[in-house]
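All chains, please: the whole structure from these sequences, using the hints.
One-letter residues, chain by chain:
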Amino acid sequence: MIAWLFDFVFYYPLFMAYAWMAGALWYYAHYERHALKVRDPLAQLRSTPLVTVILPCFNEEKNLREVVRCLMALRYPRYEVLAVNDGSVDATGRILEELAREHPRIRIAHHAANQGKAVALNTGCMLARGEYLLCIDGDAVLEPDIIPWMLTHFESAPRVGAVTGNPRIRTRSTLLGRIQVGEFSSIVGLIKRAQRAYGRIFTVSGVVAMFRRTAIVQCGAWSPDMLTEDIDISWRLQTCHWDIRFEPHALCWILMPETLKGLWRQRLRWAMGGCQVIARYARIFSAWRQRRMAPIFVEYLTSVAWAYAMVATIVIFVVGLFVHLPAQWDVALLPRWHGVLLGTTCFLQILVGMYLDRKYDTDLPRNFFWMIWYPMAYWAITTATIVWAVPATLLRPPGKRARWVSPDRGVRTSA
Amino acid sequence: MKRHDLQHVLRYVPDLIHHGGHRVARHRAAARRVATALFWVLWVWAVLPLVTFLAWAGGVERAYLEIFSRAPLEDLAYILPRYAVVVLTIALVFVNWATLQRYWWRGRERRRRPPDAPMPDIAHRFSVDAALLARAREARTVVVYHGEDGLPRAFENRRPPVR
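Chains C and R, in that order, give the protein sequences.
Going left to right, the first sequence walks through residues 1 to 415 as our numbering numbers them.
Going left to right, the second sequence walks through residues 416 to 578 as our numbering numbers them.
Hints should not be assumed to be uniformly reliable.
[To be verified] Some chain R residues near chain C, calculated using beta-carbon distances under 10 Å: (1) 449; (2) 527; (3) 560; (4) 563.
To be clear, the hints were calculated from the coordinates, so they are not data collected in a lab.
Backbone N, C-alpha and C define an ideal beta-carbon position, used for all residues, glycine too.
Structural data, given as structure tokens:
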């Protein structure tokens, strides 16, 4: 029994790394490699439907001007920007009014009181004039060709309900920022590609995703009580048999937390949101038509079990320092050959992630030196947040509204 | 030079250094890198006695013996082929699954593109009056009032901002 626990802790992430790498490389070979040669994505479109960029803002006075400046530079002929000011208490509302005076494309919806991101997105969905909704965060700086890159997917298949973009991290001035640069290449990018190759995607990126409004309306729109509205909407769409695609060219430059407190709060919210979704969608197993969702459900559940197994292993190790335990309970600290294989796998995963993202983020090699932090840092924070999130989610009152918490946007937020 | 002047100059030092001004042929650049790497190897070889001495002083020899006595090379010979088989099996299973998905769904899309959701459906989804919603959608600036359930209760159209 104890040997199984140790084997599970060691082998699960090790072999999952190969599952992600295999899927990501397959995706690259079949979908991505050819698209790298496309110079003008706009020329590939058969039509140019009206697109509404929905920009939910809560206390974003520091980032708004920069974000809007980039939005006004998008290379697409027919789009509007609908900024939803969700009851901000700083100068966000005033700045939006000023920007709307300068740019006729901008429309504004002010919420009389703060409602949370999900409600802000619902407001955007209601008031949008376009059928395609590009939903971004208030700190997201977009690549100019992002709209045509995403629209291509809606043109190519009738049941595409959402396309998720490729977020890249701007905050690279501290160790925490640099570790996350490695994480977004070595794990987020790999998993998105692999899940797309295997059939279903666990979540779109809440910071940049385009939706078809018909799909959103049909599946019930964003839930105000879900802590991670992006995971929930991904499951809603896919359980209503809408497809989700990943577009690596749809680049979006984002700010991430650069303090431990900010990072912890962000990751805990992600973990709690994941647990909420798992609890809500366990019903997929009662319907054969939902079978394609089962692998990502099982994978997430196994990750939760892994986090607890990891904690159990650490506890056994600490107890073993003070109390004599049987030989089979001995947690070896010296790496031996298994450690070499684990280290090699981590290194390989980092290299594959860097290779796949080399065209989108040319600054990646500069961060290579820091990426060695990623495996330990990622495992530590994932374990801690999941172990904390499960009881916190179970104790959360059902139906409680999810509200904004002013996020940590890194230590340098100026343009 | 005063301190703030020095900082002013230092801030622009990166711009003063030319990195790409004199481009060299690719094979010559590669030759330079290889030669430099060889010099690094040579340097490490030269200082090896010092490295060995420092390692011995730090107890590395004992750690080396400990590691190799507990995990001899035979262990690696045992682990490596099994590990390779598992990794290859995982890769083959998942790659075949992805390929199967692709070919299964390609050209088999029986579903049609649903028409765009009409305004009454959208209004119904958010429990608002369709006429009110249509008016709010025409406005450039609108204030939305919500109920406790997060659903909109009223819209207040504001005058468009003056340029």
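For each hint, the structure was consulted:
The restraint placing residue 449 (chain R) at the interface with chain C is violated, with a minimum CB-CB distance near 18 Å, outside the 10 Å limit. Annotation: residue 527 (chain R) was flagged as interfacial toward chain C, and the flag holds, the nearest CB pair being 6 Å apart, inside 10 Å. Evaluation of the residue 560 (chain R) hint against chain C yields a held restraint, the C-beta minimum of about 5 Å falling below 10 Å. Contact between residue 563 (chain R) and chain C, as hinted, is supported at the beta carbon level, the nearest pair being about 9 Å apart and thus within 10 Å.
Hint 1 from the list above is the single one not met by this structure.
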